[in-house]
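Student: Below are the chains, spelled out letter by letter.
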Amino acid sequence: MTDLALPSSSTSLRTMAGIEARRLARHPAFIIGNVLGFGVLVLMAVLDDAPAFGDVLSTPVVAAFFIGLPTLIATARLTRSTEATAEALGTAPGTEADRTKALALACLVPFAAGLLWLGLLLVVTVTESVHPNEWWFGTMPDWQVWSILIALVPVACLGGGVLGVLTGRWMRFPGAPAVMVVAVVVVTMVGQLPVAYESASELRLWVPWAMWHSGSDSANGTADLLAGNPFFYLLYLLCLCAAAALVAMWHDRSARTRRLRFAIVGVTVVGLACLALSMTTGSSENQRSEPIPFQVDK
Amino acid sequence: MTSVAWYLRRAVPWTTLLGCSAGALVVAVLLERWPSSVLVLLPTLLACCAAAAAFSFDETALPVVAVTPRGAAWRRVARLGAAAVPFVVFACVVAVRPGDLPLARGPWLLLGAGAIGLTTGLAALASRRHVSRPGSSLSGPVVLAVLGPVVVTAFLGWESIYPVGEFGAGVRNLWLGISGLAVVTCLLALWPRLRHWPT
Numbered sequence: 637m638t639d640l641a642l643p644s645s646s647t648s649l650r651t652m653a654g655i656e657a658r659r660l661a662r663h664p665a666f667i668i669g670n671v672l673g674f675g676v677l678v679l680m681a682v683l684d685d686a687p688a689f690g691d692v693l694s695t696p697v698v699a700a701f702f703i704g705l706p707t708l709i710a711t712a713r714l715t716r717s718t719e720a721t722a723e724a725l726g727t728a729p730g731t732e733a734d735r736t737k738a739l740a741l742a743c744l745v746p747f748a749a750g751l752l753w754l755g756l757l758l759v760v761t762v763t764e765s766v767h768p769n770e771w772w773f774g775t776m777p778d779w780q781v782w783s784i785l786i787a788l789v790p791v792a793c794l795g796g797g798v799l800g801v802l803t804g805r806w807m808r809f810p811g812a813p814a815v816m817v818v819a820v821v822v823v824t825m826v827g828q829l830p831v832a833y834e835s836a837s838e839l840r841l842w843v844p845w846a847m848w849h850s851g852s853d854s855a856n857g858t859a860d861l862l863a864g865n866p867f868f869y870l871l872y873l874l875c876l877c878a879a880a881a882l883v884a885m886w887h888d889r890s891a892r893t894r895r896l897r898f899a900i901v902g903v904t905v906v907g908l909a910c911l912a913l914s915m916t917t918g919s920s921e922n923q924r925s926e927p928i929p930f931q932v933d934k
Numbered sequence: 009m010t011s012v013a014w015y016l017r018r019a020v021p022w023t024t025l026l027g028c029s030a031g032a033l034v035v036a037v038l039l040e041r042w043p044s045s046v047l048v049l050l051p052t053l054l055a056c057c058a059a060a061a062a063f064s065f066d067e068t069a070l071p072v073v074a075v076t077p078r079g080a081a082w083r084r085v086a087r088l089g090a091a092a093v094p095f096v097v098f099a100c101v102v103a104v105r106p107g108d109l110p111l112a113r114g115p116w117l118l119l120g121a122g123a124i125g126l127t128t129g130l131a132a133l134a135s136r137r138h139v140s141r142p143g144s145s146l147s148g149p150v151v152l153a154v155l156g157p158v159v160v161t162a163f164l165g166w167e168s169i170y171p172v173g174e175f176g177a178g179v180r181n182l183w184l185g186i187s188g189l190a191v192v193t194c195l196l197a198l199w200p201r202l203r204h205w206p207t
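Chains as they are written, first to last, in the numbering used here: chain A, 637 to 934; chain B, 9 to 207.
Hints listed in this document are in silico derivations from the structure and should not be mistaken for laboratory results. Every residue gets a Cβ at the ideal spot worked out from N, C-alpha and C, and that includes glycine. Treat each hint with caution, since some may be false.
Partial list, computed: chain B residues near chain A (C-beta under 7 Å) [what the hints assert, rightly or not]:
(1) 38
(2) 42
(3) 52
(4) 143
(5) 144
(6) 147
(7) 159
(8) 163
(9) 164
Chain B extracted, bound-state conformation:
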């Protein structure tokens, strides 16, 4: 694992990734102060974490490193470790429950895993298609995609996909589907390297 840590320390744009994660923590502080704004602030927190994950596959010198002996698949698998950082931040916030919100921890972790995992998978797929910096292109649309349902569900009278209390069956199935999609995109991006986990 030493080589993976060495690689991640130098290759991942940590300033951007940790900056977005820090933004999520700032939103968590705002949530602690104004829990009544939960319907917008909680999805915003998720959007920050998902945007952070989008940067985990940014590789400035992609054409150069693509021909190194370890190869692209090794790099992409190793970068999954970086994508786990924003998920850990999200999981910590959900565990702490800022503002004493009655968050259902399990379903919210599933929700975070789905959104952050799908973003990671899309970034990995873009990296596989030789896009050197997918984060810049992906982060903006991801933020809008995460926040958009807040507006849509409110005006169309549909059930919120970010329930503060218990999740209904429909919402739970939606997030299970998104999580499944996240797994599929990650597998597509990383295959066949998953058979040989980096050492």
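For reference, chain A alone in the conformation it holds in the complex:
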């Protein structure tokens, strides 16, 4: 008699995550977003006739916008599309929490895209060179540069994907992904711009995508590095991503176990601690760079 071995839960989760990752990688919003994200960076390098690549630490917004936000739309729609099958036929694979886990794991695809984008940015800074007065390696500690870059590029792309899964699970009305995109943009801007250049600049760090570089002042060629501890901000963003995935899983009533509840509370507490540390440690004031001549009157 032949034994029919059922696949283990970790194997089936891996299989489901692989399927969702391929669906995400083929989604038009994700593909177009990536083309634009990489394209804008290449254009920035090609069209810029300045003697060096400027405002490097403010360029991550390109990846966060063109990879992170379209990923939000793509994962929200993928999440809803699976549920439409489950509601209509009851034939979707695994439990809802399993499908949510698979979708959250598939968000490693935009994370990888963000890493690639970051790699390209580093290549551009090597080929184009960076002015010695620029906020970059050499003018600030390496761990700060890496923390800012990782938080604002690959983790932001990962966050967009996970937020899309959360949106797909909890927001059932038409156009929910568009509403979430607008909400993210408005919260990010209104939450930080009024305080970013004031004495309490670190209060901006609660937003899901905080600026660390002001962009160059064309009047005198200087740029501000904003206050706060970027390493703890990176940990705070990772906690936000984990919390979003766990709360998306919480939507499945059968998955509301004591363990999941503790995990959500734990991630929230750790995230708040990281936020507090990012605001209270590190630089307490914005720091101004030495003038960068080619940024004057640019």
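Starting from the structure of chain A, add chain B where the hints point.
Tutor: The following block gives chain B in isolation, referenced to the frame of chain A:
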């Protein structure tokens, strides 16, 4: 016009459409409070209105109503009335000029008509292709398409396509082109029914 009003009252997803328009008004309030964020908030306001217009052609029971005697063309022409609501909201905000911004009213109305009109035309075309709910698919990309140029122009050093003051010739021509495209897509979606406006 009574039958058109009766139809619009029941057939258009007003909760979603008015919800997006209300979102635009919330952004206008934020703009009044923080006018320094105009470079992002004003395009966000436009994005909300354009997203609202995307829902004006959502028809849950499209296969059923497609075979009714009045026909699809009548419905699509009637739904243009619903698409006008977010444009009216946008026009009111531009007229009020929140935060005492020096908005050039005429060019900004052209800009709003172009973006909202093009979204409406695309939704109408999708409806013509038997997509029952184009709003859900269209609203997200529309929001990104409206906001994307803010990031692109800032980093590539190009002239902003959302100038707060006077519009340059290039930007004005761009929006004239987009408005023309909006008219073409609407005509393509509504033709030949435009010869017989609903009564």
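Student: Look at each hint and say if it fits the structure.
Tutor: So, going through the hints one by one against the coordinates:
| no. | hint | result |
| --- | --- | --- |
| 1 | 38 | holds, 6 Å |
| 2 | 42 | holds, 6 Å |
| 3 | 52 | holds, 6 Å |
| 4 | 143 | holds, 6 Å |
| 5 | 144 | holds, 5 Å |
| 6 | 147 | holds, 4 Å |
| 7 | 159 | holds, 5 Å |
| 8 | 163 | holds, 6 Å |
| 9 | 164 | holds, 6 Å |
Comparing the model with each earlier hint shows no violations; every hint is respected.
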